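Asks: Chain by chain, the residues:
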Amino acid sequence: MASLKALRNRIASVTATRKITKAQQMVAVSKLRRAKAANEAARPYAQKMKAVISGMAAGMKNNPGGPKLLTGTGKDNRQLLVVCTSDRGLCGGFNTNIVRFARLKIEELKAAGKQVEILCVGRKGRDQLKRLYADLIIDTVEFTGVRYLSFANADAIGKRLLAMFDEGKFDVATLIYARFKSVMTQTPTALRLIPAAIEDGDAAPSQVYEYEPDENEVLAELLPKNISVQIFSALLENVAGEFGAKMTAMDGATRNAGEMIGKLTLIYNRTRQSKITNELIEIISGAEAL
Amino acid sequence: MADKISFDLVSPEQLLLSEEADMVTIPGSEGEMGVMAGHEAVITTLRPGFITVTGGKDNQRFIVFGGFAEVTQTKVTVLAEEAIPASDLDARIATVTESLAKTATEAEKGAIQAQLDTLAHLRQHI
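The listed protein sequences correspond, in order, to chains F and P.
Heads up: take any position in the first sequence, counting from 1, add 363, and you land on this note's numbering.
Heads up: take any position in the second sequence, counting from 1, add 6, and you land on this note's numbering.
A couple of the hints might just be wrong.
[To be verified] With a straight-line cut-off of 25 Å between C-alpha atoms, the simulated BS3-like cross-links for lysine-lysine are:
(1) F:K626 x F:K385
(2) F:K411 x P:K10
(3) F:K522 x P:K115
(4) P:K81 x F:K411
(5) F:K413 x P:K81
(6) F:K588 x P:K81
(7) F:K382 x F:K368
[To be verified] Computed, partial: chain P to chain F, Cβ under 8 Å:
(8) G34
(9) A47
(10) I49
[Stated by the list, open to error] Here chain P is said to cover these stretches of chain F; the calculated rule only asks that three of the stretch's residues, wherever they fall, bring their Cβ under 8 Å from a Cβ of chain P:
(11) 397 to 410
(12) 573 to 581
Because the hints were derived from the structure by calculation, they are not lab data.
Owing to the predicted nature of the structure, the values given are computational and were not obtained by experimental measurement.
All C-beta atoms in this analysis are idealised placements derived from N, C-alpha and C, irrespective of residue type, glycine included.
Turn these sequences into a full structure, and let the hints steer you where they fit.
Replies: Written out as structure tokens, the structure reads:
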């Protein structure tokens, strides 16, 4: 049986752990609130952008001379996966789920004979993917020093993708991130960035627009911007998801620590009692023997 | 009195303004556009300039740096790359000047200087 001192030390250490997880959980709650607000604030822009592009793309669909960002290069041999994860751990299975999803996607593409490259956004994803696909990772973008994600962060990634696309380094770019469903669930999702994914449902233009300066120029300006916007909204979803997952994980950890403390305290008290009983028996039997 | 037109100003990070107005002036790349209810449906790109909202809750001015605007008969939506209230312009000039002093590389300096020039130009027209 563990000594009383050892038990006392364990109780103290688990209590300290519980304090930390509790604090982490509170931090996650407040950050989640902010992340959700940012996510909601960014939504109208992304939606509007999508609606406008879909409307214009519908007219461009059968036009082979259309911009490459919309129609693609005509090939799909070289695939670029942009895997977005968080920079910090302690958020349960959040990153692992994204990485697992990405891995399935990579294997699927590899089996189809495609050439795959990975751009990691977020440190945790890189750490996990590095073990399996170290040779496929071309670079990692980290936001460890960034307190609040701004559009400029996403824009930098978007510009980089465009530069690579212009140099002909890949044919298809896909973004992998976790869509924030609720605090409990985040679903890993793949979104095709280049060529732009247009859903057929909203392809019908509701209105005939005039374009200034002209349709091609407007589209040429919108398409690159759309990529940054998509990345931005994916990153915001990710941040919200990360804190949601962290909140849940830390809540669980706090509860487990509480249970552990209860159990240890019980053992501690029992041990103490039996020790006292033992001592009493020793004294009494010693006195009787006299 | 003509009908009002609903006006939304959104940037990637937030919804800045959403209200009913009599007229909205937007800096289209082909020239300033005064939009009132019943305007022809237009999608236009924007150049840096002022957005003036007349006849809303109170008359407001914003500065946008690029983006685009979607106009329909009843609605104007400005998707600005970046937008700030006109009253924040001076503060903005100060921060940009500060960041110019901090950067080291020539390329970055050029970009920031260009940004500063745009701001100074807008300042003259406020």
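Asks: All hints are to be evaluated individually against the structure, with a verdict given for each.
Replies: We went through each hint and held it up to the structure:
Taking the CA atoms of K626 of chain F and K385 of chain F, the gap is about 19 Å. The hint holds against a cut of 25 Å. Taking the CA atoms of K411 of chain F and K10 of chain P, the gap is about 21 Å. The hint holds against a cut of 25 Å. Proximity of K522 of chain F to K115 of chain P is assessed by CA-CA distance (about 19 Å); at most 25 Å being required, the pair is judged to hold. As the CA atoms of K81 of chain P and K411 of chain F are separated by approximately 13 Å, the hinted pair is consistent with the 25 Å bound.
For the given pair, K413 of chain F sits about 17 Å from K81 of chain P by alpha-carbon distance, which is consistent with the 25 Å threshold. Taken as a hint, the K588 of chain F and K81 of chain P pair is honoured in the structure, with Cα atoms around 22 Å apart against an allowance of 25 Å. Using a Cα cut-off of 25 Å, the hinted pair K382 of chain F and K368 of chain F holds, with the two alpha carbons roughly 21 Å apart. Given the 8 Å rule on beta carbons, the hint for G34 of chain P holds: about 6 Å separates it from the nearest Cβ of chain F.
Because the smallest distance between the Cβ of A47 of chain P and any Cβ of chain F comes to about 5 Å, under 8 Å, the interface hint for this residue holds. Because the beta carbon of I49 of chain P sits about 5 Å from the nearest beta carbon in chain F, less than 8 Å, this interface hint is met. Against chain P, the stretch 397 to 410 of chain F contributes 6 residues with a C-beta closer than 8 Å to a partner C-beta. That satisfies the three-residue criterion, and the hint holds. Proximity of the stretch 573 to 581 of chain F to chain P, defined as three or more residues with a beta carbon under 8 Å from a beta carbon of that chain, is established by the 6 residues found.
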